[in-house]
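J.: Here's the letter readout for the chains.
2 protein chains.
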Amino acid sequence: MEQNKFIYEVRDFDLENDELMLNETLFHNANGYLGVRSNFEEGYPINLQSIRGEYINGFYDFAEMKQAEKLFGLTEEKQTMLNVADTQGIRLFLNGEEFSMFAGETLESSRTLDMEKGTTRRRVMWRSPQGREAEITIVRMASFAMLPLFTIEYRVRTLNFSGEIRFDSTHIGSVLNYCDPGDPRVAGETFQHILPGTAAFTDDVSVIVSHTSKSGLAVASAVKNQLSKPAVEKRKVRDSAALHQFTVSLAQGEEVTLTKYTVLCDSVRYGDCRGAALGHMHKAVSLPLKHWYRLQEEYLKKYWENCAVHVKGDDKLSNAITYNLYQLIQSVGKDPHSNISAKGLSGEGYEGHYFWDTEMYIQPFFLLTMPEIAKNLIEYRYTTLPAARENARIMGHKKGALYPWRTIMGKECSGYFPSGSAQYHIDGDIAYSIISYYLLTKDLALIARCGAEIVFETARLWMDTGNYSEGRFCINSVTGPDEYTCLVNNNYYTNVLAQYNLKWAARFYRILGEENLLSPVEKKLGLTEEEINCFERAAKAMYLPYDAALDINPQDDAFLSKKVWNLDDTPQEDFPLLLHYHPLCLYRSQVCKQADTVLAHFILEDAQALRTMKHSFEYYEKVTTHDSSLSTCIFSIMASRLGMPEKAYAYFGESSKLDLFNTHKNTKDGIHTANMGGTYMAVVYGFGGLRIKEDGLHLAPTLPGQWEEYDFKVHDGDSLIQVSVQRRGCEITLLDGTEKEIFVYGKSHMLRDSLRLPLEEWGRSQ
Amino acid sequence: MEQNKFIYEVRDFDLENDELMLNETLFHNANGYLGVRSNFEEGYPINLQSIRGEYINGFYDFAEMKQAEKLFGLTEEKQTMLNVADTQGIRLFLNGEEFSMFAGETLESSRTLDMEKGTTRRRVMWRSPQGREAEITIVRMASFAMLPLFTIEYRVRTLNFSGEIRFDSTHIGSVLNYCDPGDPRVAGETFQHILPGTAAFTDDVSVIVSHTSKSGLAVASAVKNQLSKPAVEKRKVRDSAALHQFTVSLAQGEEVTLTKYTVLCDSVRYGDCRGAALGHMHKAVSLPLKHWYRLQEEYLKKYWENCAVHVKGDDKLSNAITYNLYQLIQSVGKDPHSNISAKGLSGEGYEGHYFWDTEMYIQPFFLLTMPEIAKNLIEYRYTTLPAARENARIMGHKKGALYPWRTIMGKECSGYFPSGSAQYHIDGDIAYSIISYYLLTKDLALIARCGAEIVFETARLWMDTGNYSEGRFCINSVTGPDEYTCLVNNNYYTNVLAQYNLKWAARFYRILGEENLLSPVEKKLGLTEEEINCFERAAKAMYLPYDAALDINPQDDAFLSKKVWNLDDTPQEDFPLLLHYHPLCLYRSQVCKQADTVLAHFILEDAQALRTMKHSFEYYEKVTTHDSSLSTCIFSIMASRLGMPEKAYAYFGESSKLDLFNTHKNTKDGIHTANMGGTYMAVVYGFGGLRIKEDGLHLAPTLPGQWEEYDFKVHDGDSLIQVSVQRRGCEITLLDGTEKEIFVYGKSHMLRDSLRLPLEEWGRSQ
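Heads up: the protein sequence lines correspond to chains A and B, in order. Sequential numbering from 1 applies to the first sequence in the numbering used here. Sequential numbering from 1 applies to the second sequence in the numbering used here.
Pulled out of the complex, with its shape left as it was, chain A reads as follows (with noise of 0.2 Å):
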């Protein structure tokens, strides 16, 4: 990492399979519409592998997934995000000598993020066998000003030969999915989804229409070349592939530059995405590039100065957290066709799904910096209510919504239910995530339109799977987070969860009803205040399990009984232990994969006391592996809000080097986006102890020893604030909108244009 934060740089990377197919993600370029791997335009040797990919937010194919035994209502058939097109091909010849790194000398190489200019860049000082020395540089950009644009800037500069240069650039239609029968966490099986039509050129254009092969989807691929001096063009196209060539002379020390265009334009946004395509890639190169590029800086610049993190201090770890949250910005989808894939588009892992990651690890980022993209990842799920409901009937509840461990469209797309359709506290998640909403911007007419159809329905739901018992309200046989603990009774996350959405259910009915715009979904939904009443009574009466000896939550009905897993004498090749132990194995111990209870008492720290709620972390924390990418930035927040700064600070860097450390071992198969909402987290909600409440916006800011300083910006309603963390005190300034109050390690406070206060250690001193 270089001093500047918004450069990510390697140098002189080995050209080994795992560093290389590490760098095709970790530099992919995306906009939260197409994503690119950053695959070598001329590819590799055959013998080593790559995922090579260009993906389509929400754009998916049905693929068939089969139950070993079948079961009524298991899935049988999941959405799954394709690589539409490959358009990254460039094959260099010098001389006739063909560039590849695998050749002849490679004297210096960089690869370079620049997270201000939106571009990644891949410079190589290459000598051929023949001793023919070139630069080349590849500035590689997806657009966030034309989301269907991706373009590469290919210049080579001859350096101590002067003679042919030639380029092939390709366009090709028939492309595979990455598969890795060993590996759970993405697809186990080559199909061939996308079935490509033929390749033509329209003047220069050449254009391919592909087709989905049970979705019905379809995905129109444009590409375009362009050479920065006269050439000899040809032109060639076979079955679905297009080559464009081009032959030029150059002197010694003469440079020329070949910039390729890529339009993607898909069926689900575009009727005629043929015509979008070639519509888009008209005005793409109606302008120079370098009009693009500004584009691009512009956009970025607005990003930056709302939602960066500014960190003075250990640099490795903070300029990690502008490397993660540039990488939000690059997958969050920014259409209600789209949410946000827990790879975001850098990658094929778990097949391009949006999972709770999108509500309670990247939600509150958007919600706090960019509240209209939290307000469209909320129209995403109001889309997909409707397939929630058949999901509901599919799972046997009579009423309310069920949402979908996992999806594109709405289906759901989890094949072990146990640890996936059983994840019923998706549900309050997405509920939390909208009261969150509510209680940040007061969008009452987002909750009036689709908001509170969804907190009613997904009340509904928990209605119908619980009981009472003894006179408590339980919910039995779900799954909560920890993956580690399957099909319990009354998870403690999930009940508290479900508690709170019901509650809200209740609340947004009186809201409504009051501001006189409930009658639509009241009707809909023939909502009658017996239910409600209800709702009310449930939450009432919902049983959140405790421990009394322990003074802590068990984090279900059974946990406590079990044997604890003995961590300590677990060989360190054995983690994740989930690809070590059968699931039942883990079911049985006192082992937890994720933060569980420790994540409820950060979601809702009212419910218990803060002795319980340290109680608790003490004890869940000798019993989790953080073997999920979810965990460790849950336990920073946590360990910060209770009082261990330097146990918050370790988490903080487990979690913000995740992807850049290749911690997890699997980034190859793309970024952990939940976790890089998460690393934000551990220092907005974490360091800086914010939280959403009722009452308002609540700060709490610590520093970390091993920082001098930080800042951050949030919104609050129609307010912008900037809080500034100093060894000296935090000043929190109003910098736009009206004067509000706001809470300070609990405390109120009218914020008018700013507040200077010293620091308190919060955790402790409660």
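None of these hints come from the bench; they were simulated from the model. Any given hint could turn out to be false.
Identical copies carry no separate label here, and so any pair may be met within one copy or between two of them.
To be verified - For lysine-lysine, the following DSS-like pairs were computed, each having C-alpha atoms within a straight-line distance of at most 27 Å:
#	residue 1	residue 2
1	411	375
2	523	503
3	375	399
4	503	563
5	399	563
6	283	236
7	229	312
8	399	622
Go by the hints and put chain B onto chain A.
T.: Quick look at chain B alone, frame taken from chain A:
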């Protein structure tokens, strides 16, 4: 059903698909080694389905079992029973007109199973489309005297015409298994498991040697046809098929018989299976068919002498007992390479797998009537003990053996582990059957040679699975017999059986020690006194759930806190529930597929007060659907035990008629062998009140109101005992062997010659 109990016959049966396939099962021929479905020799028209198959017990191939999501240790390859060849084909031509019951006119038809002769017969009076009438009689036999031998005796008599009669007898090596992608209980896909070699005639015997695609096994099928008259013969082979054609002229009223011998020899039992098949064929045809019929009758005479249950009254149900017992001897393996599969050798349901059905439902019958077969079933489990150890390692256990939930040769073949591998009670079931075998036979040699090793290794598994919690030994995350409630903590059935298993491991340790038989197994397993003490301590501390308010044993820790499924309001077409509700929906409710705690009370009745068992029976009866075929027989036994004779008889009725009346609507896929054993148990353990206990044999005879009398014989050590029950009392006679103490209605009696006692109302009187 005919008056004669040993005849089952249907006349003028429908040629509808359902009935045809049902009869393929009900009239199948088997001998425990091979089984042949009762397909029409001439086949059905193309629009009708048939499960046409010939199977060998324990002969299998590996089949891929894809998991929708890959998790560590899940089964991805199963063993599956194969259809090995088609030697049933005989086409008949009357002056060129081909016989088919679907053409011309069937004037009379019947299918008959003669359970004394051990043969089936199809008789048809047929008029061809052109008016030729013939009587066709086909007798089939799977020989008990020569297990690889199956015969078809095909007789034709011309009635109103003379002319040319032609038989085309085929032998086909290229066969597939049946599949139905929609039914979880049979294979979902077709795969060419059998790779047949080229057919060839050796003299007039056609032989095909086929190899399995993956398991490395081979099978030879040999066929020989003999005509009762000189004929023009033709033989042809093409690829893996052989045809033997006979053409003969008959006068009106004359008859001709084709005898077709099939021999199937596999490489599991025979080194050179081709040589073995030819050798067996040579022996088979060297004696007239009548000789084999006579041996068949003799074998069955002996079988019925020992095993029959004679009943007077309610012929419909009581004759079904005979049918069921006949199927057991047809189904059970007679060598240690095989066991008894859930469908015997009558069909492909459950793919020929062996389950706990063997130990808990079928072995009791053989133990009492043919102890050498019970012994053989234990030997089979011993043969697969190394595989059970391996399975325990896969499941994360450091010691002990975990038997597979379903298997052919020892490998776990369940695809969905929550209702498969998680049924750890299989270990207890096997231990229980070994203990029962010992208690009845006192065969300590078998215990020393293999029984104790199994009991020790299963005891170790419990130690490694369970843990102490608050001083109680708990067993978490397992599934009990009831598959509508999976992955639970402290399933009563599992725990009480584990307790018994642990207790008896210690017992066997001491008994073998006293008899100087311990040393080999002690050394082999590295057993220590200390470990035995741990067994005893855990057995003593075993947690057995008990609810004082209801005075019942809850099925598991959480069962009673779940909502009660409303069975009254569940539409009839929703049964069995597993085909209409998502597993989670079932798991979340108080609803049982089958006897679970009630079964525990039957097998270990001394663990609870009679009162508690009665309350439990009443409680579980209300929430049990009996969607499993293993349920009603147990409810019948316990109803007898608890003094509810009418209820006992009603459940017995459900059990006894299950296959003959096709009440579960899937008998086409094969008979339900466990239920057949269960029918026997409902009589002998239920009405007869038999129990095998440490102090000896217990009886408590009752007489159902619908019956006049019944009797049965049982072995007890070296003694053979007959129990006759009549309205005026029961008579217990020592037919053979030494005098011994038995218990009748709880009171000790010395059985010398005969005991006559009045009937008591046992369950009520206690």
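J.: If a hint holds in the structure, say so; if it doesn't, say that too.
T.: Outcome of the hint check:
1. Taking CA atoms no more than 27 Å apart as the test, residue 411 paired with residue 375 passes inside one copy only; the shortest distance there is 21 Å, against 53 Å between copies.
2. With identical chains, the CA atoms of residue 523 and residue 503 are at most 27 Å apart within one copy only, with a shortest distance of 20 Å there and 64 Å across copies.
3. Within a single copy, residue 375 and residue 399 get their C-alpha atoms as close as 26 Å, which meets the 27 Å cut-off; across copies the closest is 54 Å, which misses it.
4. Taking the closest pair of Cα atoms, residue 503 and residue 563 come within 27 Å of each other only across two copies (23 Å); inside a single copy the shortest separation is 35 Å, beyond that limit.
5. Within a single copy, residue 399 and residue 563 get their C-alpha atoms only as close as 38 Å, which misses the 27 Å cut-off; across copies the closest is 16 Å, which meets it.
6. With identical chains, the CA atoms of residue 283 and residue 236 are at most 27 Å apart within one copy only, with a shortest distance of 24 Å there and 75 Å across copies.
7. Taking identical chains as interchangeable, the C-alpha atoms of residue 229 and residue 312 are never at most 27 Å apart, the minima being 46 Å within one chain and 106 Å between chains.
8. Taking the shortest alpha-carbon separations for residue 399 and residue 622, only the inter-copy value of 26 Å comes in at or below 27 Å, while the best intra-copy value is 40 Å.
The structure does not agree with numbered hint 7 stated previously, though it agrees with all others.
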